[in-house]
Amino acid sequence: MYTEQVMEHFTNPRNMGEIADANGVGEVGNAKCGDIMKIFLKIKDGIIEDVKFKTYGCASAIATSSIATEMIKGHTIEEAVALSNKAVVEALGGLPAHKIHCSVLAEQAVKAALWNYYEKQGIDPAPILGENALCDCHDCDHCGE
Amino acid sequence: MEKFIYADNAATTAVSNKVLEQMMPYFTEQYGNASSLYSFGQKAKEAVNKAREQIATAIGAENSNEIYFTGGGSESDNWAIKGVAYSMAKKGKKHIISTAFEHHAVLHCLDKLKKEGFEITLLDVHSDGLVRVEELEAAIREDTALVTVMYANNEIGTIQPIKEIGEVCKKHRVIFHTDAVQAVGNIPIDVKDAAIDLLSMSSHKFHGPKGVGALYIRKGIVIPNLIDGGAQERGRRAGTENTAGIVGMGAAIEIAVATMEERAKRLAEIRDYIMDNALKIERSRVNGDRKRRLPGNVSLCFEGIEGESLLLMLDAKGVCASSGSACTSGSLDPSHVLLSIGLPHEVAHGSLRLSFSDENTMEDAEYILSVLPPIVERLRLMSPLWDRIKMEEKENN
Chain S
1 MYTEQVMEHF TNPRNMGEIA DANGVGEVGN AKCGDIMKIF LKIKDGIIED
51 VKFKTYGCAS AIATSSIATE MIKGHTIEEA VALSNKAVVE ALGGLPAHKI
101 HCSVLAEQAV KAALWNYYEK QGIDPAPILG ENALCDCHDC DHCGE
Chain P
1001 MEKFIYADNA ATTAVSNKVL EQMMPYFTEQ YGNASSLYSF GQKAKEAVNK
1051 AREQIATAIG AENSNEIYFT GGGSESDNWA IKGVAYSMAK KGKKHIISTA
1101 FEHHAVLHCL DKLKKEGFEI TLLDVHSDGL VRVEELEAAI REDTALVTVM
1151 YANNEIGTIQ PIKEIGEVCK KHRVIFHTDA VQAVGNIPID VKDAAIDLLS
1201 MSSHKFHGPK GVGALYIRKG IVIPNLIDGG AQERGRRAGT ENTAGIVGMG
1251 AAIEIAVATM EERAKRLAEI RDYIMDNALK IERSRVNGDR KRRLPGNVSL
1301 CFEGIEGESL LLMLDAKGVC ASSGSACTSG SLDPSHVLLS IGLPHEVAHG
1351 SLRLSFSDEN TMEDAEYILS VLPPIVERLR LMSPLWDRIK MEEKENN
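Residue numbers (my numbering), protein chains in the order written: chain S, 1 to 145; chain P, 1001 to 1397.
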């Protein structure tokens, strides 16, 4: 069912944990759906100096959040903003069709953390991340809630 | 040698060596068609009828003519439920009573019938996973065509008050079907004593081969065919007999019943041992009544974690098990069984089912108990939901 890369990230997740003095924290998903992803960012001088994640969910959820942190760590904010779920899926060598939504959640978790960072900096996140960047789980087609 | 512990016998079982031995000749030497007139075919027919007897004896049926072979439990359920429904609809009876946690083979039949104008009442199974007979009796109406209640639930293993239900149905003259797929071979069944009118079973749940099952139809109950065609099964279920499969099923059920008492005792010990020790993990629970359950069934929930991850980590340690999380069910909701006993979604997602058989030992139980807590801990360390749970706990104290 899963690629080697997915299993690797599931078995040995990268950057799992919290950042005590994070300057951007985002959480998406909900317990009812069975998927929650939380991203902690430490941003300095426009670079993602450190990033950590915590995830409640299936192997896909854990793998997508793990690889997402790897893909943005040490990169610029702009590159993190540009992180797409497609790129996450590609980096994992593919995901089963019914698990693609996990990659979407990972992208949204990163955006939620960035949104929080901008808000804390007193900058309006909407023009940078887009009006609809924040995932509102109750609007998500996937759950149909 | 890598560890391999198969703890998912409720999903399927291995064909035992004794059963395989009995089946083999019917693949290669005695391959005749059981409906053929010549003696080569009649030998196959004899084997089929012997299996029929074995099954009738195993469930206490009056006559082996009341046993019909099918392609499995799902087919038996479909035939029984749709058959009774269509036959009773002609008499103006279009109400069916069942339970909220039947197998999908039952529930989806009922969904279909509902679209065709039947009224379906699904009984509450309460937090202990047991149907209340008074509620069932209260639900019976003038136009009730059928009561269908599973003998034992596949996920949480709880055993329903089948004899009492049979009595009530008899009293009100309502046909009573039971999906006994999980019960046959594990607990004693007597269709006459329990006043059961139709009973579904499936060979691969008791060490017989996959692809063959049976439907017990009490003499006097007449239902239309599900599968029309040739005259096999006395014209009631077409299709060339799966002789080898049927022989396997007969052999398997005979062995299962003969070894049942001793196995039930041994497995109940393993089951209770695992449940008692797993409950030492904080914020865990057993699903369903602890006593009125199949001897080999363990059903647990661990808060703050998700089932698929749990299963894959157990798999990495060589343990095969199952779960009722949404991800494992392939749908958006966790298992309807766990929801039916009142579990909130997030608790149901963290479920684990272990189911044991003759092959399992106390050593298996010890091993499972050695790998399970670290896995739960590891997943909780990763989980923001667990963090939230712990925080709320602190706040409440």
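Certain hints may be false.
Unchecked claim - Output of the computed footprint for chain S on chain P, the stretches with three or more beta carbons under 8 Å from beta carbons of chain S: (1) 1070 to 1077; (2) 1374 to 1385.
Unchecked claim - Under the rule of at most 20 Å between Cα atoms (straight-line distance), these lysine to any residue pairs were calculated in the SDA-like manner: (3) P:K1390 with S:A82; (4) S:K32 with P:L1339; (5) S:K44 with S:A82.
Stated by the list, open to error - Selected chain P positions facing chain S (Cβ under 10 Å, derived; list incomplete): (6) S1039; (7) E1167; (8) H1172; (9) G1304; (10) S1309; (11) L1312; (12) S1325; (13) G1342; (14) E1346.
Hints listed in this document are in silico derivations from the structure and should not be mistaken for laboratory results. Computed from a predicted model, the values in this text were never measured in an experiment. Note that beta-carbon positions come from the ideal geometry of N, C-alpha and C, so glycine has one too.
Cross-check of the supplied hints:
no., hint, in the structure
1, 1070 to 1077, "violated (count 0)"
2, 1374 to 1385, "holds (count 5)"
3, P:K1390 with S:A82, "violated (35 Å)"
4, S:K32 with P:L1339, "holds (12 Å)"
5, S:K44 with S:A82, "holds (18 Å)"
6, S1039, "violated (50 Å)"
7, E1167, "violated (41 Å)"
8, H1172, "violated (40 Å)"
9, G1304, "holds (7 Å)"
10, S1309, "holds (6 Å)"
11, L1312, "holds (5 Å)"
12, S1325, "holds (6 Å)"
13, G1342, "violated (15 Å)"
14, E1346, "holds (4 Å)"
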